[in-house]
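Q: So the sequences go chain by chain: X and W. Here the first sequence is numbered in the numbering used here, starting from 2 and rising by one per residue. Here the second sequence is numbered in the numbering used here, starting from 2 and rising by one per residue.
Note that these hints are calculated values from the structure, not bench results. Hints are supplied without guarantee of correctness; some may be wrong.
Stated by the list, open to error - Among chain X residues calculated to face chain W with C-beta under 7 Å, some are:
| no. | residue |
| --- | --- |
| 1 | 42 |
| 2 | 45 |
| 3 | 51 |
| 4 | 62 |
| 5 | 64 |
| 6 | 65 |
| 7 | 127 |
| 8 | 241 |
| 9 | 269 |
| 10 | 271 |
| 11 | 365 |
| 12 | 374 |
This one's a predicted model, so the numbers in the text were calculated from it and none came from an experiment. Even glycine gets a Cβ: it sits at the ideal position worked out from N, Cα and C.
There are 2 protein chains.
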Amino acid sequence: MSRPAFAADTEADPSESDAFVAAVLERMAAVLPPEDGPYPLHEPHIDGAAWSYVKDCLDSGWVSSVGEYVRWFEEKLVETTGAAHAVATVSGTAALHICMLLAGVQRDDEVLVPPLTFVASANAIHYCGAHPHFVDVEPVSLGVDPTALTAHLERIAEMRGDVCFNSVTGRPIRGLLVVHCFGHPARIAELAEVAARFNIVLIEDAAEALGTSAGNRSAGCHGKVAALSFNGNKTVTTGGGGAILTDDDELAELALHLTTTARVDDPFVLAHDMVAFNYRMPNLNAALGCAQLEQLPELLAAKRQLAARWREAFAGLGGLRFIDEPSWGKSNFWLNALSLDPPYATRRPQLLAALDAAGYHCRPFWTPLHRLPMYQDRPMASLQVADDLAARGFNLPSSAGLIRPGTLPIFDKNG
Amino acid sequence: MSRPAFAADTEADPSESDAFVAAVLERMAAVLPPEDGPYPLHEPHIDGAAWSYVKDCLDSGWVSSVGEYVRWFEEKLVETTGAAHAVATVSGTAALHICMLLAGVQRDDEVLVPPLTFVASANAIHYCGAHPHFVDVEPVSLGVDPTALTAHLERIAEMRGDVCFNSVTGRPIRGLLVVHCFGHPARIAELAEVAARFNIVLIEDAAEALGTSAGNRSAGCHGKVAALSFNGNKTVTTGGGGAILTDDDELAELALHLTTTARVDDPFVLAHDMVAFNYRMPNLNAALGCAQLEQLPELLAAKRQLAARWREAFAGLGGLRFIDEPSWGKSNFWLNALSLDPPYATRRPQLLAALDAAGYHCRPFWTPLHRLPMYQDRPMASLQVADDLAARGFNLPSSAGLIRPGTLPIFDKNG
Numbered sequence: 002m003s004r005p006a007f008a009a010d011t012e013a014d015p016s017e018s019d020a021f022v023a024a025v026l027e028r029m030a031a032v033l034p035p036e037d038g039p040y041p042l043h044e045p046h047i048d049g050a051a052w053s054y055v056k057d058c059l060d061s062g063w064v065s066s067v068g069e070y071v072r073w074f075e076e077k078l079v080e081t082t083g084a085a086h087a088v089a090t091v092s093g094t095a096a097l098h099i100c101m102l103l104a105g106v107q108r109d110d111e112v113l114v115p116p117l118t119f120v121a122s123a124n125a126i127h128y129c130g131a132h133p134h135f136v137d138v139e140p141v142s143l144g145v146d147p148t149a150l151t152a153h154l155e156r157i158a159e160m161r162g163d164v165c166f167n168s169v170t171g172r173p174i175r176g177l178l179v180v181h182c183f184g185h186p187a188r189i190a191e192l193a194e195v196a197a198r199f200n201i202v203l204i205e206d207a208a209e210a211l212g213t214s215a216g217n218r219s220a221g222c223h224g225k226v227a228a229l230s231f232n233g234n235k236t237v238t239t240g241g242g243g244a245i246l247t248d249d250d251e252l253a254e255l256a257l258h259l260t261t262t263a264r265v266d267d268p269f270v271l272a273h274d275m276v277a278f279n280y281r282m283p284n285l286n287a288a289l290g291c292a293q294l295e296q297l298p299e300l301l302a303a304k305r306q307l308a309a310r311w312r313e314a315f316a317g318l319g320g321l322r323f324i325d326e327p328s329w330g331k332s333n334f335w336l337n338a339l340s341l342d343p344p345y346a347t348r349r350p351q352l353l354a355a356l357d358a359a360g361y362h363c364r365p366f367w368t369p370l371h372r373l374p375m376y377q378d379r380p381m382a383s384l385q386v387a388d389d390l391a392a393r394g395f396n397l398p399s400s401a402g403l404i405r406p407g408t409l410p411i412f413d414k415n416g
Numbered sequence: 002m003s004r005p006a007f008a009a010d011t012e013a014d015p016s017e018s019d020a021f022v023a024a025v026l027e028r029m030a031a032v033l034p035p036e037d038g039p040y041p042l043h044e045p046h047i048d049g050a051a052w053s054y055v056k057d058c059l060d061s062g063w064v065s066s067v068g069e070y071v072r073w074f075e076e077k078l079v080e081t082t083g084a085a086h087a088v089a090t091v092s093g094t095a096a097l098h099i100c101m102l103l104a105g106v107q108r109d110d111e112v113l114v115p116p117l118t119f120v121a122s123a124n125a126i127h128y129c130g131a132h133p134h135f136v137d138v139e140p141v142s143l144g145v146d147p148t149a150l151t152a153h154l155e156r157i158a159e160m161r162g163d164v165c166f167n168s169v170t171g172r173p174i175r176g177l178l179v180v181h182c183f184g185h186p187a188r189i190a191e192l193a194e195v196a197a198r199f200n201i202v203l204i205e206d207a208a209e210a211l212g213t214s215a216g217n218r219s220a221g222c223h224g225k226v227a228a229l230s231f232n233g234n235k236t237v238t239t240g241g242g243g244a245i246l247t248d249d250d251e252l253a254e255l256a257l258h259l260t261t262t263a264r265v266d267d268p269f270v271l272a273h274d275m276v277a278f279n280y281r282m283p284n285l286n287a288a289l290g291c292a293q294l295e296q297l298p299e300l301l302a303a304k305r306q307l308a309a310r311w312r313e314a315f316a317g318l319g320g321l322r323f324i325d326e327p328s329w330g331k332s333n334f335w336l337n338a339l340s341l342d343p344p345y346a347t348r349r350p351q352l353l354a355a356l357d358a359a360g361y362h363c364r365p366f367w368t369p370l371h372r373l374p375m376y377q378d379r380p381m382a383s384l385q386v387a388d389d390l391a392a393r394g395f396n397l398p399s400s401a402g403l404i405r406p407g408t409l410p411i412f413d414k415n416g
């Protein structure tokens, strides 16, 4: 019995691999004509009121973090996500850092986190003097696997009173940082149950997931706190920026205090009451963000349409899998992704080089964080799925601008 | 013998104090007519190419940290300060934090720092897990007092090999963070000698001191590394922003690496080789910064002229002292300051309230950092001068825009 092309479970032979590269290039060209390239991985799409708001900001002189656009941007984020509060920050990393503090993460704690994510997820934990404790992902959403997590915690967790300890290291496991990878919603409902069972604080890294939802709730509205990012490579950008989301009034107030150097509220005394940070988003960046958020429905619609084209283009091709929206939610399709079947994994460098040469700026998945020198000695579960996916996956050009905006029906994010 | 009005060494009586408040208000009005107020403490002055550069940035879509304006801004900073390298960051606090790391500050080290400064100076030390060790200032520049510092170190320092230890706490004293307070140059040449004698790394907090110099060198070019700030309240603003200055090629490269998540330079591998930060200034903010730096000579000239008016206005009035440019350098006169003579110190709240009611948004000096709850138990020298100055000083409205720009000869910063 002959095996199907590009889908064997041993390494593909070189000639087949060359044919595979050619086949991938052909499918790429069907979506994005090479003559119109090169195609960056992800570019911002700046339009609408961007210049008008930014110009107003310059005209007013209120470019710094004390300014009307920051509050307006936060109001728009509340409206967009359904969170009770949003606190705008200077970066997604800053938002993640503050989320850790809001979750009560302290020195020598551990925070569960997947290794298939941008390095900021682990760095934010490290900034608190705590340790990332890596747990595996599942192949549908690329997010934390609730089943594997449960099995891991059943093996190593030990409740002392109402605090979950890692019985191996003796350290408290304070939080679970769930990443919505590439904008696909993680299995957040099941993960919330696991976190509740072990009394671990659920934190969402929704840096890539503005516009994403699971069930009927936006990404960032399932845990105690969440972080968004508005870096230049995100669906919506403020140049650099982020935000903290929470439904908790007190935590929102603390988030604002922690991001604004913990200044004591007294015009005649210049004092600060705790160690805090200079993490507030400047008004200049928020002005751009307000215009960007007004464009969000259109951007999401364009990204959804682009994803449909990628899905269709690669549908008939053996040897790889389009990472698609999971059944339990809606993706913002921030970065479209392909996963090579095992026989083709070793050809990824060759394939990426060929794609790059043809003007398609694709990107391999992150080196999983437990493989990085500074995180290789941290506590970890079996990370077989993450290791496997990291070796086989790559992202496709995903800018909303690749679909001509303005020609699409407005996309209802909950529809 | 009758004592001179407003200059006694005991507390002034209430009626004299009321007269004093009236006298201060009169002098204020001579510089800034109350009918044209209110006068904020410090406002940005946005002019020149600001709109053109920022619009170009939006038009290009390069709003994030990968962009031409960031490099250009750094080149302009090099040109302005004479430092060999400048690395633009998201805030002055971020720059200070990275300066600490570049200076080799590690957990459980101590860093000498004055308490009369913005809280970020101590926070940056704390972020590294190190301890601020507070040392006193002198009343001319409000910067660290080299004589008092020498006496303190002679008392407590113990050289073990080439490392200076605090013999009381047993911790290494790794750095000396010199603050150029309100833009006045500290006694940096003498401080550099003290640091060299005890083999302590000299770091400059030049957050307030762009355009300031001591001897023939700009503030920020005397130590191993220095931090600048471009917050909205600074002489030059990028909304929020900062920069690291250094003459050391390797430290400059490390600064860039540390501020950009320590990404490994390989297009086909997405990895990071150390714990680092997302601290790079976005292009959008740098575009504004480029225009602002082009205005710097004019802004400095305006601020110098405003300082001359404040100096003149308060010259004949007993009971207070205008904190003036010291003989050993040039000030950028970021924030003009008055120091009340001891009998009037207790009247400061009343005076500030009266000034505020008249539309003059003055500000008391910072609560000295060793009086803040999170820093009160740190190592410290005698801090009598800092405590005294902090209780008596306040800042005056100091915006460059209070002098009509464009009507002044260009100010030569070395002239």
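Q: Now look at each hint and say whether the structure bears it out.
A: Here is how each hint holds up against the structure:
no.	hint	result
1	42	violated (11 Å)
2	45	holds (5 Å)
3	51	holds (6 Å)
4	62	holds (5 Å)
5	64	holds (4 Å)
6	65	holds (2 Å)
7	127	holds (5 Å)
8	241	holds (4 Å)
9	269	holds (5 Å)
10	271	holds (5 Å)
11	365	holds (6 Å)
12	374	holds (6 Å)
Of the hints listed earlier, the one the structure fails to meet is number 1.
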